[in-house]
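Chains as they are written, first to last, in numbering that gives the first Met the number 0: chain A, 0 to 237; chain B, 0 to 119.
Note that these hints are calculated values from the structure, not bench results. Wrong hints could be hidden among the right ones.
Stated by the list, open to error - Cβ-to-Cβ under 8 Å is the rule here; a few derived chain A residues that face chain B:
#	residue
1	I11
2	V14
3	T19
4	A20
5	T25
6	I26
7	Y202
8	Y230
Here the structure is a predicted model, which is why all the values come from computation and not from measurement. Glycine is no exception: its CB is placed at the ideal position from the N, C-alpha and C atoms.
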Amino acid sequence: MKKKVISRFTMILFVIGLMTAIQYNTINEPDTRDTRDIWEIRQELSREKQLHSELLSEISALDETLAKYEKAKDDSPEQALKETVEELRETAGLTEITGPGLQIFIEPSAEAIVTGQNIEQVSPELLIRLINEINRFNDIELSIDGKRLINTSPIRDINGRTTVNGLPVGTPPFEIKVAAGTADNAEKLYNHLKASSILDSFYIDNLSVNVIQPQDEITVEAYDEELGINYLNAMEEE
Amino acid sequence: MWLAILGLILGVSLGLLTDIRIPPEYANYLSIAVLASLDTLFGGIRAHLQQVYDDKVFVSGFFFNILLAAGLAFLGVHLGVDLYLAAIFAFGVRLFQNIAVIRRILLSKWAEKKEIRESV
């Protein structure tokens, strides 16, 4: 009698174990397979390579600063510090930038003027797309309708008005100034924008984007407001 | 008792090693079936401890519960009512009750044994 009971339990437990294991197998399916082909992997590799080279150049720039400090330690430490501060202010966008670049005019399209349509403001989404398109290139500094775009600049709708840095952007026409670092870069940006599909997106909103030929001297305004650094604190000296 | 645990281990290892998979759509049914079988198992253990164990009831209950639960889930899917919740609820509650009864029985047995030992 006892033996029979145990054999029954064994059988049932065997079935339970099997079912649990199958359920476990089913739930824990293996991760999705890597289906990238050679070309995609190559692209990824080239992206990583680019990142690598950018990091290397950053390291060399920092090394240079370090060497400068070392050299200036004896004669004039203030000078080196001042230079660094100036560099940082430039990076943060607190100084005017003058250099090769181009101007972009956002204007009402000719068709809209002829048919007498109301000219609406540029929507933030469209403006962000355009800025992203421009920012594909390195060393870009730009201002929208005189408002300098820095890393923390918001582009958003406030009470129905498109604003940059919290200040409203005028209804078209207005101007976007772009400093591209080098004339070469500016030329590339010009060509890229001319061929970009973003112009069509503007046309849907009855706007036309007029990209002016690159110039040698474009002055991008400085960021003229307080930088909100609520969460940055000076380190306590030891 | 060890033989039963060996059966469990054998079942699990067989399932894991053969790497059998069912289509993900049926995973729901299998999970309910596992729950139903666990319920039957603990019911069987309880019945055994209470000396009311019946072979036929145990084995038929095992398969019948599994089929009923899966069938209820199937019906629920086709009617758009989450009937499998009813199965999960019923089996879940019963599982807890059974385990509680088993615990009480084992505790009282243990206390009895201790008393006898102390009196000796």
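Failing hints, ascending? Failing hints, ascending: 7 and 8.
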